[in-house]
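Enquirer: Those protein sequences? They're chains A and B, same order as listed.
The opening residue of the first sequence carries number 3 in this note's numbering; numbering runs sequentially from there.
The opening residue of the second sequence carries number 20 in this note's numbering; numbering runs sequentially from there.
The hints are simulated quantities; they were obtained by calculation from the structure and are not laboratory data.
Just to be clear, a hint being listed does not mean it is correct.
Said to hold, decoys possible - Only pairs whose alpha carbons sit at most 27 Å apart, straight line, appear in this in silico DSS-like list of lysine-lysine:
#: 1; chain 1: B; residue 1: 46; chain 2: B; residue 2: 56
#: 2; chain 1: B; residue 1: 173; chain 2: A; residue 2: 47
#: 3; chain 1: A; residue 1: 27; chain 2: A; residue 2: 47
#: 4; chain 1: B; residue 1: 195; chain 2: A; residue 2: 47
#: 5; chain 1: A; residue 1: 47; chain 2: B; residue 2: 56
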Amino acid sequence: METYYDPADLARFAEISEGAPELAKKFFEYYGAVFAEGELTEREKALIALAVAHAIQCPYCIDAYTQTCLEKGVSIEEMTEAVHVSCAIRGGASLVHGTQMRKIAKKLSM
Amino acid sequence: MAVDAHSAVGPAIDNSCLECRPEPFFKTLARHGLEIKRDRTDTLQINVGFYCNQVCRHCHLEAGPGRLEIMDLHTMNDVVAYAGRSGFQTVDITGGAPEMNPHIEYLIEDIAPLAGRIMLRSNLTALGNKQTDDLIKLCCRHRVVIVASLPSVKTSQTDSQRGKGVMDASIAMLRKLNNFGYGQAGTGLELNLVSSPSGAFLTASQAQSEKRFRDDLERKYGLVFNNLFTFANVPLGRFRSWLQESGNLDRYEQRLAESFNPCTIQGLMCRTLVSVSWDGYLFDCDFNLALRAYLGGLKKHVSEMEGAPEAETRIPIGDHCYACTAGAGFT
């Protein structure tokens, strides 16, 4: 069955540079620099990427960063906690908007 | 650090092309203008048999309790005589679980005076199966370097690779080794750990892993060690079967090939090591031993060898060699 997401498409990511090679070059250089060891370790950055991948629900990124995390020595328990962080922030972001609802409801109500 | 599109969004990017087969290893070497030839051989690796108390899912030799191929005393004498006429700097004893060979103490006693450095590869649990600590005491006496398998500091990962309860037993044995002085500063008793991934993925950086192991083992268990080595699993034997059954083989092989690092060739262990199997035949490494790809392509028994293999002789290669040339390599 055809789907919009095909795992094989991930290998074709490089083709994105054909439309705008200079922009792609800048992006990929930036990308590499972001994930290099810095104040944060590569391992920490991989865990952040995994959590963000779940927040934005990108299947390519989840696939890629699950593997990266394993290769950086991250355990499934640690990855699961990172996903819960993502979940908590997403859920909390919805819930905290309840203050707006409450303010508006209060203003409109007698 | 500049990267290309294949590096962005992590390593899985190229692996998703499941139809793609990796370029044959010999072609990759040729493309880089490289070849693998023997250097001066300074290490004798002795595989004393495939008998083991564990059935590790990544084992390229498919070692286990059902494997009865064990080096006998006659072959051991041939090996000791070979070491005596060849002048190896290092002797590296492996298996299976070498502790389970009934003649292991005899081998260590006889070969220790013939080499500057003796290494014993241990899965830690077999060392603990001994009724007494005589083998550990013997290792202390001969300053045998113990190279112990510990895939992860996480119980779930260690047990999933090596069997239920292995982590706890390994920690108990590491504690005993520490008590004997192994891994402790100033004792001269070296305890090194080996970590290989518990799945179809590559290893973490050796330096980063060593720091994490050191911190975690010290904090959680009060354990110390000297060095940690990280190795990629070689897609042979039981590990290959698991890769096939789990649908990971193509992707894993592709990942290894993509991680080919030409800088690893110079330091490959097969260039300076000769491996002798339980039945006395010679190989360029333990992986070629698993494939029965003989030393230099010729079947030769240790009793027929005049000395260490000559430099510049060719080493049989295959696609399994990608595991030793991926990333930082296999030493």
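Enquirer: It remains to establish, for every hint, whether it holds in the given structure.
Expert: Checked hints:
no.: 1; hint: 46/B - 56/B; result: holds, 16 Å
no.: 2; hint: 173/B - 47/A; result: holds, 20 Å
no.: 3; hint: 27/A - 47/A; result: holds, 21 Å
no.: 4; hint: 195/B - 47/A; result: violated, 37 Å
no.: 5; hint: 47/A - 56/B; result: violated, 40 Å
When each numbered hint is compared with the structure, violations occur for hints 4, 5.
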